[in-house]
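**Student:** This is what each chain is made of:
2 protein chains.
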Amino acid sequence: MSDSRPIGVFDSGIGGLTVVKALRDLLPNEDIRYLGDTARVPYGPKSPETVQRYAVELAEMLMRKNAKALVVACNTVSSVALPSLTKKFSVPVIGVIEPGARAALQATRNRHIGVIGTRATIRSGAYEKALHASDNNVRISSRACPLLVPLIEEGLLNDDVTDRVIARYLEPLLCDGIDTLVLGCTHYPLLSPAIARSLGDRVKLVDSAINCALAVEQLLDEQSLRAGRSDRGELRVTLTDAADNFLSVAREALHLSFAEIELQPLP
Amino acid sequence: MSDSRPIGVFDSGIGGLTVVKALRDLLPNEDIRYLGDTARVPYGPKSPETVQRYAVELAEMLMRKNAKALVVACNTVSSVALPSLTKKFSVPVIGVIEPGARAALQATRNRHIGVIGTRATIRSGAYEKALHASDNNVRISSRACPLLVPLIEEGLLNDDVTDRVIARYLEPLLCDGIDTLVLGCTHYPLLSPAIARSLGDRVKLVDSAINCALAVEQLLDEQSLRAGRSDRGELRVTLTDAADNFLSVAREALHLSFAEIELQPLP
Numbered sequence: 001m002s003d004s005r006p007i008g009v010f011d012s013g014i015g016g017l018t019v020v021k022a023l024r025d026l027l028p029n030e031d032i033r034y035l036g037d038t039a040r041v042p043y044g045p046k047s048p049e050t051v052q053r054y055a056v057e058l059a060e061m062l063m064r065k066n067a068k069a070l071v072v073a074c075n076t077v078s079s080v081a082l083p084s085l086t087k088k089f090s091v092p093v094i095g096v097i098e099p100g101a102r103a104a105l106q107a108t109r110n111r112h113i114g115v116i117g118t119r120a121t122i123r124s125g126a127y128e129k130a131l132h133a134s135d136n137n138v139r140i141s142s143r144a145c146p147l148l149v150p151l152i153e154e155g156l157l158n159d160d161v162t163d164r165v166i167a168r169y170l171e172p173l174l175c176d177g178i179d180t181l182v183l184g185c186t187h188y189p190l191l192s193p194a195i196a197r198s199l200g201d202r203v204k205l206v207d208s209a210i211n212c213a214l215a216v217e218q219l220l221d222e223q224s225l226r227a228g229r230s231d232r233g234e235l236r237v238t239l240t241d242a243a244d245n246f247l248s249v250a251r252e253a254l255h256l257s258f259a260e261i262e263l264q265p266l267p
Numbered sequence: 001m002s003d004s005r006p007i008g009v010f011d012s013g014i015g016g017l018t019v020v021k022a023l024r025d026l027l028p029n030e031d032i033r034y035l036g037d038t039a040r041v042p043y044g045p046k047s048p049e050t051v052q053r054y055a056v057e058l059a060e061m062l063m064r065k066n067a068k069a070l071v072v073a074c075n076t077v078s079s080v081a082l083p084s085l086t087k088k089f090s091v092p093v094i095g096v097i098e099p100g101a102r103a104a105l106q107a108t109r110n111r112h113i114g115v116i117g118t119r120a121t122i123r124s125g126a127y128e129k130a131l132h133a134s135d136n137n138v139r140i141s142s143r144a145c146p147l148l149v150p151l152i153e154e155g156l157l158n159d160d161v162t163d164r165v166i167a168r169y170l171e172p173l174l175c176d177g178i179d180t181l182v183l184g185c186t187h188y189p190l191l192s193p194a195i196a197r198s199l200g201d202r203v204k205l206v207d208s209a210i211n212c213a214l215a216v217e218q219l220l221d222e223q224s225l226r227a228g229r230s231d232r233g234e235l236r237v238t239l240t241d242a243a244d245n246f247l248s249v250a251r252e253a254l255h256l257s258f259a260e261i262e263l264q265p266l267p
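Line by line, the protein sequences are chains A and B. Heads up, the first sequence is in our numbering, so the first residue is 1 and it goes up one at a time. Heads up, the second sequence is in our numbering, so the first residue is 1 and it goes up one at a time.
Honestly, the hints are just simulated from the structure, not real lab data. Be a bit skeptical, because a hint or two may be false.
The list makes no distinction among identical chains, and a pair is therefore deemed to hold if it is satisfied within one copy or across any two copies.
With a Cα cut of at most 20 angstroms, we get these calculated SDA-like pairs of lysine to any residue [what the hints assert, rightly or not]:
1) Lys46 x Leu263
2) Lys46 x Leu266
3) Lys46 x Leu247
4) Lys68 x Ala167
5) Lys46 x Asp241
6) Lys129 x Phe89
7) Lys46 x Thr238
8) Lys65 x Arg5
9) Lys87 x Asn245
10) Lys46 x Pro150
11) Lys46 x Asn245
12) Lys46 x Pro172
13) Lys46 x Asp163
14) Lys129 x Ser47
15) Lys68 x Asp160
16) Lys88 x Ala39
17) Lys65 x Ala227
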């Protein structure tokens, strides 16, 4: 059994390309359609009802491209819209929070996990809920790191200013005694090397993009949805508004190759 | 002749409080109503049509509070919505760009002016247009500084990380030979001390908040709209959604005192 339909991936903007990168590495034969809602980014400050409505619109656009699975490469959407997406669409829906939380629980030895993300993600408590749903005794130290996304979007991925900001954000978590850190924002894998430098050897880094891709692989296998082809799948990127500087930053840092961006303005 | 109605000031968020601070210092007897559209901030990435529509909505809310003048304490709105606001409302409308541009032209000796702002403001070319409208021969070096707003909103107003980011942004402008720098974002006056440190003595800093307040003073005098009272006027702050951390940063740094914030959700 095989299924040649593409995997549909969407995000409020460009950050979700880190999930695409992980999917490309893990499932090179799959076709991928990426949809970034650059016209309405960021979703973090918007109400849950609005985020749910936008998520359904994006998912519908991907379903019209015949997606066999929907990957929600966005923490904000994953934290509020998975139930409504799962209910509305017949294909499987995979978010970034569950897989990241699961990987963190497997990685931790001292049952003390750190979570970093945007203000909106940390305020939502989404990782706490997901972690505590599996293990009520795990300790969690979380911290909003609002400067990291702007630093990433400026392309300062390997820069001493970024290193100092990271060190400052992580210091209290390290003092708390975490042994595992979840990157709770799809932008953050672009800073994995810098964050790993700051953490040293004692703390394990959990990249939710990679873990999301692993969850997608497992699901495709379970439901016999893998593409049957042996050649490399195609990646197509659609945005709802013109991309800014960050698209080139992400493209270069992730070594992602794709043809021209398709612009699809929202109705 | 005197006029006891309040001055209405609005912005896409909290940044416009720097203009309020300048107004309070210059016109202490005036009542001020501030309206920040925190529910829909930031305006920078939105289309001009959307920004115009939002600006009219905010102005209408202030007109219902009986404003005698409308101060647009936001560069994005000032760059696209002044004509429609002026057309729609009978009271005077003052933006931040014109007064800043005029002050820069008065300050420069070598006719070479630097402008810094958000990506959206720099991309709009609004300061270039305003400067060239008065003096076609002035040279302009402009630069988007997208990290400054996040650094300000994190409260890092006097911090070596911020100093290094500022130095990096300003270096090419200083190399170009500017002798005057316009702060083209209402957040930036909160970094005036840090920016002045980085500029040294040779470059004059033009704070568009202060220059906007001077323009308001002149207009009230010309149209006999000054409040007649001798006691201190009242400042009331209304936001369209709950404020985040930045409100306390601004309030403290600007030494602004006002009663409880009023929340007025948009319809």
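**Student:** Each of the hints needs a verdict: does it hold here or not?
**Tutor:** Here's how the hints hold up against the structure:
{"no.": "1", "hint": "Lys46 x Leu263", "verdict": "between (23 angstroms within a copy, 16 angstroms between copies)"}
{"no.": "2", "hint": "Lys46 x Leu266", "verdict": "both (17 angstroms within a copy, 13 angstroms between copies)"}
{"no.": "3", "hint": "Lys46 x Leu247", "verdict": "between (23 angstroms within a copy, 18 angstroms between copies)"}
{"no.": "4", "hint": "Lys68 x Ala167", "verdict": "neither (41 angstroms within a copy, 50 angstroms between copies)"}
{"no.": "5", "hint": "Lys46 x Asp241", "verdict": "both (18 angstroms within a copy, 10 angstroms between copies)"}
{"no.": "6", "hint": "Lys129 x Phe89", "verdict": "neither (24 angstroms within a copy, 50 angstroms between copies)"}
{"no.": "7", "hint": "Lys46 x Thr238", "verdict": "between (22 angstroms within a copy, 19 angstroms between copies)"}
{"no.": "8", "hint": "Lys65 x Arg5", "verdict": "within (9 angstroms within a copy, 57 angstroms between copies)"}
{"no.": "9", "hint": "Lys87 x Asn245", "verdict": "neither (36 angstroms within a copy, 36 angstroms between copies)"}
{"no.": "10", "hint": "Lys46 x Pro150", "verdict": "both (18 angstroms within a copy, 18 angstroms between copies)"}
{"no.": "11", "hint": "Lys46 x Asn245", "verdict": "between (23 angstroms within a copy, 16 angstroms between copies)"}
{"no.": "12", "hint": "Lys46 x Pro172", "verdict": "neither (29 angstroms within a copy, 37 angstroms between copies)"}
{"no.": "13", "hint": "Lys46 x Asp163", "verdict": "neither (30 angstroms within a copy, 32 angstroms between copies)"}
{"no.": "14", "hint": "Lys129 x Ser47", "verdict": "within (19 angstroms within a copy, 37 angstroms between copies)"}
{"no.": "15", "hint": "Lys68 x Asp160", "verdict": "neither (43 angstroms within a copy, 50 angstroms between copies)"}
{"no.": "16", "hint": "Lys88 x Ala39", "verdict": "neither (24 angstroms within a copy, 28 angstroms between copies)"}
{"no.": "17", "hint": "Lys65 x Ala227", "verdict": "within (16 angstroms within a copy, 62 angstroms between copies)"}
The structure fails hints 4, 6, 9, 12, 13, 15, 16 (numbered hints given earlier, in ascending order).
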